[in-house]
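Colleague: One-letter residues, chain by chain:
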Amino acid sequence: MRRLPVLLLLLCLAAPAFAQRAVTEDTPLRPVTRAFALTNARVVQAPGQVLENATVVVRDGLIEAVGAGVTVPFDAEVIPADSLTVYAGFIDALGYAGVAKSEAERPDIENPDEPPREVAGLTPDQDVRALLKADDARIKQLRELGFTAAHVAPRDGFLAGTTGTILLAGDTPEALVFRGDMALLAQFDTAPGAYPATPMAIIARVRELMRQAADQHDAEALYAELPRGRGRIAYDPVMRALAPAARGDQLIVFVVDNSNEAFRALKLARDTRTEVYLAGLPDPSPLADRLAAEDRPLFLSLDLPEPVEDDADSTATGPAQAATRTFSYEGLDAERATLQAKRRDAMARAERSAALLDSLGVDFAFALMDMKPGDVQDNLRRLIAAGLPEDAALAALTTGAADLLNLDATMGTVEAGKMANLVVTDGSYFDEETTIQMVFVDGHKFELATEEPPEGADPDAVVDAAGTWDYTADVSGQSTSGTFTLDGNADALSGSITTDQFGTISFDSVTLDGNVLTMVFSAQGMGRITGSGLIEGDTFTGSLDVAAADFSIPIEATRRPE
Amino acid sequence: MRLFLSLLLSFCCPPLIAQPLLPPPDARGDVLIRDATVLTVTNGTLEGTDVLVRNGTIEAIGADLNAPRGVPVIEAAGKFLMPGIIDAHSHLGISSVNEWTAPVTAEVDVGDVVNPLDLGIYRALAGGVTVSHAMHGSANVIGGQNETLKHRWGTFDPEALKMEGAPPTIKFALGENPIRVHGRGRDIRPLSRMGVEQVFRGAFSEAERYAEARAAYLASIEEGQPLTLVPFDDRLEALAGVLAGDILIHTHSYRADEILMLMDVLADFGVERITFQHVNEGFKVAPELAEFGAGASIFSDWYAYKFEVDYSTAYNAAVLTRNGVCTSINSDSRELIRHLYHEAAKAQRYGGLTDDEALALITINPAWQLGIDDRVGSIEVGKDADLALFDGHPLSIYAIPEVTIVDGVVRFDRNADPDDMRLRVDPAVAVDEVTLHATSHHLHFTSNGIEMHTHGCMQGVEQGFNRLLRR
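Residue numbers (numbering that gives the first Met the number 0), protein chains in the order written: chain A, 0 to 561; chain B, 0 to 470.
There may be inaccurate statements among the hints.
Partial list, derived from the structure: chain A residues whose beta carbon lies under 8 Å from chain B [said to hold, decoys possible]: (1) A193; (2) M199; (3) Q215; (4) H216; (5) A223; (6) R227; (7) Y234; (8) L338; (9) M346.
Lysine to aspartate or glutamate pairs mimicking DMTMM-like chemistry, simulated, CA-CA at most 25 Å apart [stated by the list, open to error]: (10) A:K266 <-> B:D416; (11) A:K266 <-> B:D34; (12) A:K266 <-> B:D233.
Rather than coming from a laboratory, the hints here were simulated on the basis of the structure. Glycine included, C-beta positions come from ideal geometry on N, C-alpha and C.
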């Protein structure tokens, strides 16, 4: 926290530079045409429904025509897509893209039993449309993964507010909005220091509120009809906001983190006779039968547990022979291997859970929640490797999500008349080698810039990157310095960087391609930072790119002599 | 087709570690326990006796019973069979204990936050305990509602642990705890033991007025002439349930004066059924407790851990029992719950209770206090087959629990008891280096994958409380 002011200062110093660049380089020009024709493409209209050598015509935000014999309109920008695949844009079934984090200071609480309702987390009248931020970096991050729409929710509170669907492109918050007032978001978000301070009290409160809201709705109707001789019903925005859900007319999306929370939410749904979809839950397998029996859909979290590797020693012992009892220190290796194998089993069970839901016929769509965008494609591949058919995975990203969110009239398939939300790839989306070429959101084309190699890059050069490097970075005229250290050979590099602001941070990845070194790391409050540049002898010249802020810091380094 | 796929999946990806196969939570078992010394508790001790269990219920008790085809037999010659032990005061198997934010929180219910994955449940089974009373904490004068759990270890479904048909109960608290949290913590009532009494009287009076107004409102709707809306209030509904006798009271209490105070308050409001918990000074007011018909659920010999329990005695169980008070011994602890039979035995050392009187302290008496004595707490035909088999007399310090049975299903077997019985493994928690450390008398193996928390009445309070004080 102490470091934040320094960071803010640096960002402030850098700000004038962006502003200038924005005027000179980024002034948007009105597009010449809003008609496009993707020709000769492989079109996955819906899971299992593929057209080869087909043309997709997009005009003014809609898909105008799809098929093999479609005529290319004269005014369309023709995009030869001979080796490309076109999918319907993906839908994040529940997440927080574009939703601002609350910056409100927590007020002092005088009476913990009756805190202000914002503190308690009782804000069902809050509309996610009022919380949108068009410049949230996550919008672009998800779009570049092929997502074109997202069902988003307010973040805070046990009855947080109403959800909506946004398009993942737009210059203003209003432009993002596709639909609002979709569902009421509930979660076990306690109010530390005030009622409800426990999940137990949240359940009691929700049960009471639903009853009160239904009662009040009836009483208001009665009062409207026959006010004479009867006390006035005081206006209460909470009761008004809850009435549709309490009467079963509005869906409640209940975000749960684990099986205990999931079972509790289902019990609460039964007690209050409300319609509840669960969301979250990286491993729903303990509830899979229950969800199937109740025909209850799930917004399944794609945020799988990190992969777990076997203990190095366990292969020697063999987990199958692991003792169920440890009697002495001599058995500790076997015990450790067993515990590690159990961890791995638990991880593997989470990976199999999507396949299990699919086999049981549970309707589900993928919720990205707060997960790292970088994990989305990896995790989809893990689910598929664990038995989820690719078509089922695609359905959970497209048709399934559209159906569950009642968006199927406009989204989910590549069909004439639907909104032009498309993903264009150079192969199967689930293949590791595939790259996304472009994304259409509401008929707007976004090309994914392929990184140009820096000047002087030589893929055939042989250089050594290992060692300790002293760097200086120039942040808008302010010079800052530190070190980074790299170990290993060109095929397997790792290391860390030490900065004044953040201390020592390990690199998430380090790659050396010829003489181009790329180091990726994350710093608190800054998100992902990519350092890349050229190594020549013992000098390194390049830049640090901060993805979230879209700015670049020049960096130079020299290697310390051994 | 779906079934086929699902089968295929389970074959393709078998778990790498064989997990013990646990019976489903709603299983009701058949078993014949042969030739045991049967401690019925309510009907004396029967030597060389068989107990036949069918579909989770005790069907026959007698000599030379035949095992119907397919019914498994446990040979128990030389062993002792007692009713499953019942703990009338525990905080096992729940995720929240104290909603400490108000002096009265009658609407909250620990039954809403049952945690079937709490390993403490299995450890309690290993001590012969088949039923525990999971209680709200003692931070509030009127805390939340409790839940009576059957230890059907092996399920992820919280509902499956609830003892169906057990009457609802609620936690009250007298003395230092609510005074500390609310009086000293927030400078509101109760600041003293006098204030505690007024919180009860105030809350009960409010509930009476509410219940009357709400009933009139509901009746007016029925009659088609609706009155002005009287909003539903869950807190007051619960209190009205207490006053109506539908929700049994279990109150945290220590001192004789406050025990008498609460009995006076209840008499004024016409409430007849209460069990005093801890009740360290119960021995001073045993005749009054007996006259009121109150129960007492005590520690065997635990005291002097705070000012208000300075004046206590290990003879409490014997004094209360001999005065005709229905008395039980509870654990209030994840550790103590594993050897409640030792705690009962202390009542013989201090006070000389008979075997049946001592065993009743952890079986039929807590069953009565929880309102489930028609179902459990003794070995009788027609009762639930909740049973504990020991290799010696359970009141002997040398006795070891061998098999624990809930609803006729073996839920603990000392011969099939792996080290790691966790139901849920968190893949995100790394396996720590296993540490081997020695204290004066014991060697401990501890591994971080296995939770070891302490529970208690004031759980969950300190953190929130301190946060409040800072503010």
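Colleague: Now, for every hint given, state plainly whether the structure supports it.
Modeller: Verification of the hints:
Annotation: interface hint on A193 of chain A holds; nearest CB of chain B at approximately 6 Å, less than 8 Å. At a threshold of 8 Å, the smallest CB-CB gap from M199 of chain A to chain B is about 4 Å, leaving the interface hint in force. Hint status for Q215 of chain A relative to chain B: holds, with the closest Cβ pair at about 7 Å, below 8 Å. Among the interface hints, the one on H216 of chain A is violated; its C-beta lies about 11 Å from the nearest C-beta in chain B, farther than the 8 Å criterion.
For A223 of chain A, the suggested interface contact is broken, since its CB lies about 13 Å from the closest CB of chain B, more than 8 Å. At a threshold of 8 Å, the smallest CB-CB gap from R227 of chain A to chain B is about 12 Å, leaving the interface hint violated. With a least beta-carbon distance of about 13 Å to chain B, the hint placing Y234 of chain A at the interface is violated under the 8 Å criterion. At a threshold of 8 Å, the smallest CB-CB gap from L338 of chain A to chain B is about 4 Å, leaving the interface hint in force.
Because the closest C-beta pair between M346 of chain A and chain B is about 4 Å apart, less than 8 Å, the hint holds. For the suggested pair K266 of chain A and D416 of chain B, the alpha carbons sit about 32 Å apart, so the restraint of at most 25 Å is broken. Between K266 of chain A and D34 of chain B, the direct Cα distance comes to roughly 44 Å. Violation of the 25 Å bound is thereby established for this hinted pair. Between the alpha carbons of K266 of chain A and D233 of chain B the distance comes to roughly 17 Å, so the proposed pair stays at or under 25 Å and holds.
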